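A.B. asks: Using the sequences plus the hints, can you model the full thing?
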Amino acid sequence: MRRLTLAAVLLLGACSAGPAPSEVVPRNAAAPQPADASTVTVAPSSSAGPAPSCDATASLRPGPLPPAGQMPAGSTMERVLKRGRLIAGVDQNSYLMGFRNSFTGEIEGFDVDVARQIAKAIFGDEKKVQFKVVTAAERIPVLQHGDVDVVVRTMTITCQRLADVDFSQVYYQAGQRVLVRRNSGITGVDSLKDKKVCVATGSTSLGNVVGRAKTTVSVPNWTDCLVMLQQGQTDAISTDDTILAGLAAQDPYTEVVGARFTEEPYGVGIPKGQEDLVRFVNGVLERMRGDGTWSGIYWRWLNRLGPAPAPPVARYRD
Amino acid sequence: MVIDSQPRQALVRRVTGLARSTPGRLSLIVVVLVMASLASGWLTTWSVNRQQQALEDLATRSEPLAHAAQEVYRALQDADATAASAFLSGGLEPPQLRQRYEADIAQAQAALSVATASSPDLTATLAAQLPVYTGLIETARTNNRQGFPVGAAYLREASGLMRTQLLPSAQELYRAETDRVARAQDEASFPWGSVTVALAFVVALVLTQVYLTRKTNRLLNIGLLVATAAAVVSLLWATTVSVLVMRDVAASRSASEKVDVLAQARIATLTARGEETLTLVARGAGQTYEKNFVAVSERLEGLLDRAKQQENSEAVDHAMRHFRQWQQVHQRIREADDAGQYNDAVALIDNPYFDSLDQDLVRAIGKARQDFSDEVAVARAALAGTVVGVLVLAVISAVGSTMGLWQRLKEYR
Chain H
1 MRRLTLAAVL LLGACSAGPA PSEVVPRNAA APQPADASTV TVAPSSSAGP
51 APSCDATASL RPGPLPPAGQ MPAGSTMERV LKRGRLIAGV DQNSYLMGFR
101 NSFTGEIEGF DVDVARQIAK AIFGDEKKVQ FKVVTAAERI PVLQHGDVDV
151 VVRTMTITCQ RLADVDFSQV YYQAGQRVLV RRNSGITGVD SLKDKKVCVA
201 TGSTSLGNVV GRAKTTVSVP NWTDCLVMLQ QGQTDAISTD DTILAGLAAQ
251 DPYTEVVGAR FTEEPYGVGI PKGQEDLVRF VNGVLERMRG DGTWSGIYWR
301 WLNRLGPAPA PPVARYRD
Chain R
1 MVIDSQPRQA LVRRVTGLAR STPGRLSLIV VVLVMASLAS GWLTTWSVNR
51 QQQALEDLAT RSEPLAHAAQ EVYRALQDAD ATAASAFLSG GLEPPQLRQR
101 YEADIAQAQA ALSVATASSP DLTATLAAQL PVYTGLIETA RTNNRQGFPV
151 GAAYLREASG LMRTQLLPSA QELYRAETDR VARAQDEASF PWGSVTVALA
201 FVVALVLTQV YLTRKTNRLL NIGLLVATAA AVVSLLWATT VSVLVMRDVA
251 ASRSASEKVD VLAQARIATL TARGEETLTL VARGAGQTYE KNFVAVSERL
301 EGLLDRAKQQ ENSEAVDHAM RHFRQWQQVH QRIREADDAG QYNDAVALID
351 NPYFDSLDQD LVRAIGKARQ DFSDEVAVAR AALAGTVVGV LVLAVISAVG
401 STMGLWQRLK EYR
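Chains H and R are the protein sequences, given in the same order.
Position 8 of the first sequence, counting from 1, maps to 8 under the working numbering, and the rest follow consecutively.
Position 156 of the second sequence, counting from 1, maps to 156 under the working numbering, and the rest follow consecutively.
Some chain R residues near chain H, calculated using beta-carbon distances under 10 Å: (1) L88; (2) A124; (3) L136; (4) Q146; (5) P149; (6) V150; (7) G151; (8) A152; (9) A158; (10) G160; (11) L161; (12) Q165; (13) R283; (14) A339; (15) Q341; (16) N343.
For each label pair, taking beta carbons as the anchor points, the in silico distance ranges come out as: (17) H:K214 - R:S113: 41 to 49 Å; (18) R:Q99 - H:A310: 50 to 58 Å; (19) H:P141 - R:E301: 26 to 34 Å; (20) R:N351 - H:G146: 27 to 35 Å; (21) H:E78 - R:E298: 34 to 42 Å; (22) H:A58 - R:P131: 51 to 59 Å; (23) H:G105 - R:E102: 20 to 28 Å.
A few chain R residues facing chain H, derived, Cβ under 7 Å: (24) N144; (25) G147; (26) F148; (27) A153; (28) Y154; (29) R156; (30) E157; (31) G340.
Derived from the structure by calculation, the hints contain no laboratory data.
Small disclaimer: the values here were computed from a predicted structure and weren't measured.
C-beta atoms are modelled at their ideal positions from N, C-alpha and C, and glycine is treated no differently.
C.D. replies: Structure follows, in structure tokens:
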């Protein structure tokens with residue numbers, strides 16, 4: 001009898017299937033991205049139009065430098081002198097060029113030393129400078145609004161930008177290259193066709209690389225690109241060799257590959273129309289070239305790019 | 001149909017036949033009264049029970065959960081502000097900031113595990129992303145220790161994750177839990193249904209008395225009198241208790257409104273602090289943060305004003321004073337930073353007013369929560385014993401009316 005019952009139960013059981021055992025379904029673990037990261041499909045409108053042709057790197061010839069603390073009356077430099085400090089737009093995220101020293105909290109780097117030299121020429125004291133951190137995209141607006149006296153922030157002199165701001169002579173000659181993970185198989189800009197590349201918003205690098213990579217993502221700062229590279233969200237970063245050297249120094253698992261495929265002459269950005277300040281800054285740069293200060297600063301920050309090249313040759317349109 | 005309708009017709013005939021004779025009518029009345037008394041008793045008990053249930057829910061579940069949700073938000077917000085401050089200090093992070101951050105994360109986790117039991121869906125994002133957040137912070141720290149600026153980028157990414165995902169989820173959770181408190185308070189509403197039925201029962205007893213007096217020429221029927229008295233006592237008891245409970249629930253509602261305003265003020269305080277710190281971290285590029293600071297400060301001032309209107313307590317007064325002092329220091333921080341005195345500005349941010357304001361709000365919230373808990377406890381005490389009392393009275397009513405009518409019925413034998 002019991003066997004019969006058991007058989008009946010088994011038979012019934014075979015017919016009616018129980019519910020499937022429950023599963024724990026995880027919430028989709030979306031990887032975090034740097035704030036304000038966005039995908040770029042077309043080059044920014046400013047560089048899309050036909051670039052005005054000009055002799056971009058020819059600047060204004062400097063006169064003799066006035067002694068520190070005695071600026072010509074009515075000049076832009078005198079206004080800065082009276083204020084008591086130079087206001088310089090710099091970066092705090094580009095290692096070696098302009099970055100925050102996390103031990104002291106001070107901002108340092110090649111660009112920062114150039115700004116300090118300008119302050120030294122005005123005040124005789126290189127500490128009389130207030131640094132305002134600006135992103136790549138903010139460089140031209142802060143100059144136009146007069147928020148800063150100068151911008152020394154890996155800023156490439158272009159004809160496009162010359163329409164909005166003035167530039168000093170070239171103080172550093174950089175060129176665009178590519179940073180990748182070691183052994184990634186990427187050998188330069190030409191092997192980016194099926195890859196994702198990261199660049200900073202508002203940089204000349206953006207226009208140079210859009211269209212040469214499968215996807216281009218733009219972020220506010222270059223270190224945001226390094227975060228994306230480390231988190232596997234981008235395959236490469238492409239920008240000036242100076243900035244790339246700074247990024248590579250923070251991650252031994254990366255390397256800079258390929259040859260320079262652009263020329264990026266850096267100039268000190270100055271508000272449009274302040275010719276006296278342009279000539280003054282050019283005078284400061286000439287002096288830096290002449291007395292070895294330029295080479296000293298290069299050695300201090302950029303020696304990992306190789307032995308100090310000759311400083312850029314000044315070109316003037318008078 | 002024919003077969004089916006036969007017995008029903010027979011029953012109807014028997015009942016109408018009974019109702020035609022006086023003893024039959026009396027027997028019917030007994031049945032109806034007993035049933036009505038028990039029904040009314042049961043209904044009152046049920047509604048009292050429901051109120052009790054709602055109050056218990058309020059005291060032991062909804063309010064603690066709402067508090068836990070608020071703690072999740074607060075701890076996360078504080079952790080983010082503290083991480084930014086630690087970065088700002090330069091050099092190695094001060095140990096007290098690191099401890100504060102660790103305490104915040106532990107607190108957020110503990111509060112989150114309390115809230116998870118009741119709202120697993122709402123806490124899913126928090127549970128999934130909090131470890132990601134802490135991972136990013138640790139990566140930022142590691143890079144910072146090596147002097148790499150990429151540390152700041154990790155900090156920004158972490159902060160972005162906090163602002164776009166974790167805090168909105170925590171906010172949603174908090175809203176859901178406070179809504180639940182409001183719903184539990186609605187549950188403990190005035191029991192119109194059971195009071196109406198109890199009143200109808202009293203009227204039925206009085207009508208029976210009148211009918212009996214007319215039929216038997218005897219003025220009073222003791223059994224019915226006892227039954228009526230019991231029904232009236234039961235009605236008064238249930239009504240009084242309900243009114244008391246309503247008053248306490250209303251008081252608890254205003255207490256939880258106070259908690260809500262103060263909790264929002266506390267969150268606004270922490271948000272403003274975060275924005276203030278980030279303005280300095282951004283170092284000249286922080287106009288958005290400063291704008292946010294001004295907006296959040298205005299909201300905070302409004303919330304403190306509202307808290308003062310709700311209850312003019314000492315803690316709220318202190319909070320307002322510390323808020324004003326903080327705003328003054330903030331003014332000086334902005335002036336110093338705008339004038340290029342960055343290090344002075346950073347030194348000024350280490351002032352006691354923000355912490356004092358936070359402590360004042362903690363005290364005020366603690367007091368408002370105690371008020372809430374007291375009101376609910378009083379309401380629960382009022383309800384205690386009501387169920388038993390109402391049931392006993394219902395039985396007395398049933399027995400009284402049966403005995404009263406039984407006497408009359410005996411006279412017809």
